[in-house]
Amino acid sequence: MGIDRREFLKIVGASAVFALGGMTIVDAIMNDNAEAAQYTPEPGALVAKQWAMVIDVRKFKTEEDYKRVINACNSIHNIPDFGESKDEVKWIWTDTFEHAFPEQQEPELMQESLKELPFLLLCNHCKNPPCVRVCPTKATFKRSDGIVMQDMHRCIGCRFCMAACPYGSRSFNWKDPRPHIKNENPDYPTRTKGVVEKCTFCVERLAKGLMPACVEASNGAILFGDITDPNSEVRKALSSNYAIRRKPELGTGPNIYYIIGGGSDNA
Amino acid sequence: MYNGGKILLGLFIFLAVVTFPFYNNVGKANVAPKPSIDTPAIQKLADKKCIESTAFMKAEHMQLLNQWRDSAVRDNSRVYVASDGKKYIISLQNTCMKCHSNKKEFCDSCHNYAGVNPYCWDCHLAPKEGK
Ligand code: SF4
Ligand code: SF4
Ligand code: SF4
Numbered sequence: 001m002g003i004d005r006r007e008f009l010k011i012v013g014a015s016a017v018f019a020l021g022g023m024t025i026v027d028a029i030m031n032d033n034a035e036a037a038q039y040t041p042e043p044g045a046l047v048a049k050q051w052a053m054v055i056d057v058r059k060f061k062t063e064e065d066y067k068r069v070i071n072a073c074n075s076i077h078n079i080p081d082f083g084e085s086k087d088e089v090k091w092i093w094t095d096t097f098e099h100a101f102p103e104q105q106e107p108e109l110m111q112e113s114l115k116e117l118p119f120l121l122l123c124n125h126c127k128n129p130p131c132v133r134v135c136p137t138k139a140t141f142k143r144s145d146g147i148v149m150q151d152m153h154r155c156i157g158c159r160f161c162m163a164a165c166p167y168g169s170r171s172f173n174w175k176d177p178r179p180h181i182k183n184e185n186p187d188y189p190t191r192t193k194g195v196v197e198k199c200t201f202c203v204e205r206l207a208k209g210l211m212p213a214c215v216e217a218s219n220g221a222i223l224f225g226d227i228t229d230p231n232s233e234v235r236k237a238l239s240s241n242y243a244i245r246r247k248p249e250l251g252t253g254p255n256i257y258y259i260i261g262g263g264s265d266n267a
Numbered sequence: 001m002y003n004g005g006k007i008l009l010g011l012f013i014f015l016a017v018v019t020f021p022f023y024n025n026v027g028k029a030n031v032a033p034k035p036s037i038d039t040p041a042i043q044k045l046a047d048k049k050c051i052e053s054t055a056f057m058k059a060e061h062m063q064l065l066n067q068w069r070d071s072a073v074r075d076n077s078r079v080y081v082a083s084d085g086k087k088y089i090i091s092l093q094n095t096c097m098k099c100h101s102n103k104k105e106f107c108d109s110c111h112n113y114a115g116v117n118p119y120c121w122d123c124h125l126a127p128k129e130g131k
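Residue numbers (the working numbering), protein chains in the order written: chain L, 1 to 267; chain W, 1 to 131.
Please keep in mind that the hints were generated in silico from the structure rather than gathered at the bench.
Take the hints with a grain of salt, since some may be wrong.
Unchecked claim - A few chain L residues that don't get close to chain W, going by computed Cβ distances all over 10 Å:
hint, residue
1, TYR66
2, ILE76
3, ALA100
4, PHE101
5, GLU103
6, GLN104
7, VAL132
8, GLY168
9, THR190
10, ARG191
11, THR192
12, ASP229
13, PRO230
14, ARG235
15, GLY262
Unchecked claim - Simulated DEER-style distance windows between Cβ atoms:
hint, chain 1, residue 1, chain 2, residue 2, range
16, L, THR40, W, LYS104, 54 to 60 Å
17, W, CYS110, L, GLY194, 25 to 31 Å
18, W, GLN67, L, LYS59, 40 to 46 Å
19, W, LYS49, L, LYS86, 48 to 54 Å
20, L, ASN71, W, ASN94, 18 to 24 Å
21, W, LYS6, L, ARG5, 52 to 58 Å
22, L, GLU88, W, GLY10, 47 to 53 Å
23, W, THR95, L, ASN71, 23 to 29 Å
24, L, GLU84, W, PHE12, 16 to 22 Å
25, L, LYS86, W, LYS104, 33 to 39 Å
26, W, ALA59, L, GLU84, 46 to 52 Å
27, W, VAL81, L, ASN219, 35 to 41 Å
28, W, LYS104, L, LYS59, 27 to 33 Å
What the hints assert, rightly or not - Only pairs whose alpha carbons sit at most 27 Å apart, straight line, appear in this in silico DSS-like list of lysine-lysine:
hint, chain 1, residue 1, chain 2, residue 2
29, L, LYS208, L, LYS142
30, W, LYS49, W, LYS87
31, W, LYS49, L, LYS208
32, W, LYS44, W, LYS104
33, W, LYS6, W, LYS58
34, L, LYS175, W, LYS103
35, L, LYS208, W, LYS128
36, L, LYS193, W, LYS103
37, W, LYS86, L, LYS208
38, W, LYS128, L, LYS182
39, L, LYS208, W, LYS98
40, W, LYS48, L, LYS193
Only a predicted model underlies this, so the values are computations on that prediction, with no experimental measurement involved.
For glycine and all other residues, C-beta sits at the position ideal for the given N, C-alpha and C.
My request is simple: use the sequences and hints to build the entire structure.
Structure (structure tokens):
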């Protein structure tokens with residue numbers, strides 16, 4: 001005598017309930033064990049409501065000035081050098097004024113020399129980041145201090161964020177980056193094939209009370225601070241100088257400002 | 001025709017194949033891994049103890065590491081307050097691996113035995129081992 005369909009379903013249902021019951025008990029035991037521990041931020045961490053960066057373009061005089069800043073980021077973050085632009089991974093890089101600010105129609109507001117200069121570009125840590133909106137796994141998310149962060153553990157490499165970012169701030173790892181890192185920094189992870197990466201505003205340094213590496217290497221040409229605080233260095237610099245942002249008309253609210261005139265250096 | 005002989009032979013071969021792992025191991029001692037905790041950093045510790053009890057670390061280190069990564073990456077809380085009140089910076093590379101600098105003899109000895117291959121090391125750099 002076999003069991004009929006009804007009977008079979010009852011047994012399946014009963015075993016499912018039993019299995020789930022068992023799981024809850026296992027979960028409870030595990031949670032219990034971990035309960036004793038707590039998590040807190042590091043004591044000396046730098047905090048802000050919205051981090052922002054001000055790049056004083058006038059203070060970059062030579063090729064060396066850009067290289068020093070870019071290398072500071074590349075070397076501490078284990079950024080690979082694949083040797084060809086097709087696979088390039090970039091957190092901070094340079095491009096021409098026309099490419100960086102295609103909508104700027106007031107060239108006469110600028111000194112002639114500025115138009116020839118390369119501009120330092122990086123993730124704008126946008127106020128309304130389209131990359132966060134499209135990420136299906138929430139691997140890209142916005143922290144409460146405004147930093148647009150990327151959780152490499154969660155990134156599935158779908159590259160929606162790359163399509164959504166209007167600034168080309170994100171790079172995809174087509175290959176294993178490890179063999180292409182000249183000097184590995186043993187204190188920072190590398191990435192792996194199949195994830196997207198970008199500038200993180202040096203969250204690991206802010207947690208330790210340090211300024212971002214590019215800011216530190218810039219000898220005062222890059223400022224970093226809380227844009228919501230009227231007394232912050234960034235706000236002071238912006239109140240007395242003429243600054244522009246990349247593609248503000250898109251409404252993403254970029255938090256990287258470029259000082260191109262004004263102040264005492266005004267021509 | 002039922003071809004009884006062939007069926008029996010087939011059955012025999014099938015059973016021989018599927019049970020091979022079992023009788024192949026009969027009489028062999030099943031050597032449990034002995035992860036080594038002999039590293040310079042651990043030798044220097046007055047109290048040779050991990051951040052939590054050995055039993056907890058053995059059973060739960062994977063859950064703990066998951067919590068660590070969520071806490072550091074997503075909540076920006078990078079300090080772990082252990083059950084004895086001591087504080088540790090959350091970092092696989094810079095906290096765990098500074099003591100357990102012998103990944104091969106420590107992590108790998110159990111992971112290989114258990115046949116698990118955690119992909120932590122695809123990104124996190126293992127310490128450079130001298131030998
Ligand atoms: S610049 Fe691009 S990657 Fe950075 S926050 Fe804005 S949209 Fe996202
Ligand atoms: S590539 Fe990664 S970060 Fe980008 S949208 Fe996909 S999952 Fe999110
Ligand atoms: S803020 Fe940090 S991560 Fe971003 S470009 Fe500067 S050095 Fe690189």
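Hints, one by one, checked against the model:
1. TYR66: At roughly 28 Å from the nearest Cβ of chain W, L:TYR66 sits farther out than 10 Å, so the non-interface label holds.
2. ILE76: holds (13 Å)
3. ALA100: holds (30 Å)
4. PHE101: holds (32 Å)
5. GLU103: holds (34 Å)
6. GLN104: About 35 Å separates L:GLN104 from the closest Cβ of chain W, which puts it past 10 Å; holds.
7. VAL132: holds (13 Å)
8. GLY168: Given that every Cβ of chain W is farther than 10 Å from that of L:GLY168, nearest at about 24 Å, it holds.
9. THR190: About 6 Å separates L:THR190 from the closest Cβ of chain W, which leaves it inside 10 Å; violated.
10. ARG191: Incorrect as stated: the minimum Cβ-Cβ distance to chain W is 6 Å, not above 10 Å.
11. THR192: Violated, because the least Cβ-Cβ distance between L:THR192 and chain W comes to about 4 Å, which does not exceed 10 Å.
12. ASP229: holds (19 Å)
13. PRO230: holds (25 Å)
14. ARG235: holds (23 Å)
15. GLY262: holds (35 Å)
16. L:THR40 to W:LYS104: 54 to 60 Å: Once the Cβ atoms are compared, 33 Å apart, the range 54 to 60 Å for W:LYS104 and L:THR40 is violated.
17. W:CYS110 to L:GLY194: 25 to 31 Å: holds (27 Å)
18. W:GLN67 to L:LYS59: 40 to 46 Å: holds (44 Å)
19. W:LYS49 to L:LYS86: 48 to 54 Å: holds (51 Å)
20. L:ASN71 to W:ASN94: 18 to 24 Å: With a Cβ separation near 22 Å, L:ASN71 and W:ASN94 satisfy 18 to 24 Å, so the hint holds.
21. W:LYS6 to L:ARG5: 52 to 58 Å: For W:LYS6 and L:ARG5 the Cβ distance comes to about 37 Å; the hint is violated.
22. L:GLU88 to W:GLY10: 47 to 53 Å: At roughly 58 Å between Cβ atoms, W:GLY10 and L:GLU88 fall outside 47 to 53 Å, so the hint is violated.
23. W:THR95 to L:ASN71: 23 to 29 Å: holds (28 Å)
24. L:GLU84 to W:PHE12: 16 to 22 Å: violated (59 Å)
25. L:LYS86 to W:LYS104: 33 to 39 Å: holds (36 Å)
26. W:ALA59 to L:GLU84: 46 to 52 Å: holds (47 Å)
27. W:VAL81 to L:ASN219: 35 to 41 Å: About 39 Å separates the Cβ atoms of W:VAL81 and L:ASN219, which means 35 to 41 Å holds.
28. W:LYS104 to L:LYS59: 27 to 33 Å: violated (49 Å)
29. L:LYS208 to L:LYS142: holds (20 Å)
30. W:LYS49 to W:LYS87: Distance ~14 Å between W:LYS49 and W:LYS87 Cα, so the pair holds.
31. W:LYS49 to L:LYS208: holds (26 Å)
32. W:LYS44 to W:LYS104: Distance ~20 Å between W:LYS44 and W:LYS104 Cα, so the pair holds.
33. W:LYS6 to W:LYS58: violated (50 Å)
34. L:LYS175 to W:LYS103: holds (25 Å)
35. L:LYS208 to W:LYS128: holds (25 Å)
36. L:LYS193 to W:LYS103: With a Cα-Cα distance of about 23 Å, the restraint between L:LYS193 and W:LYS103 holds, given a limit of 27 Å.
37. W:LYS86 to L:LYS208: holds (18 Å)
38. W:LYS128 to L:LYS182: holds (16 Å)
39. L:LYS208 to W:LYS98: holds (18 Å)
40. W:LYS48 to L:LYS193: violated (38 Å)
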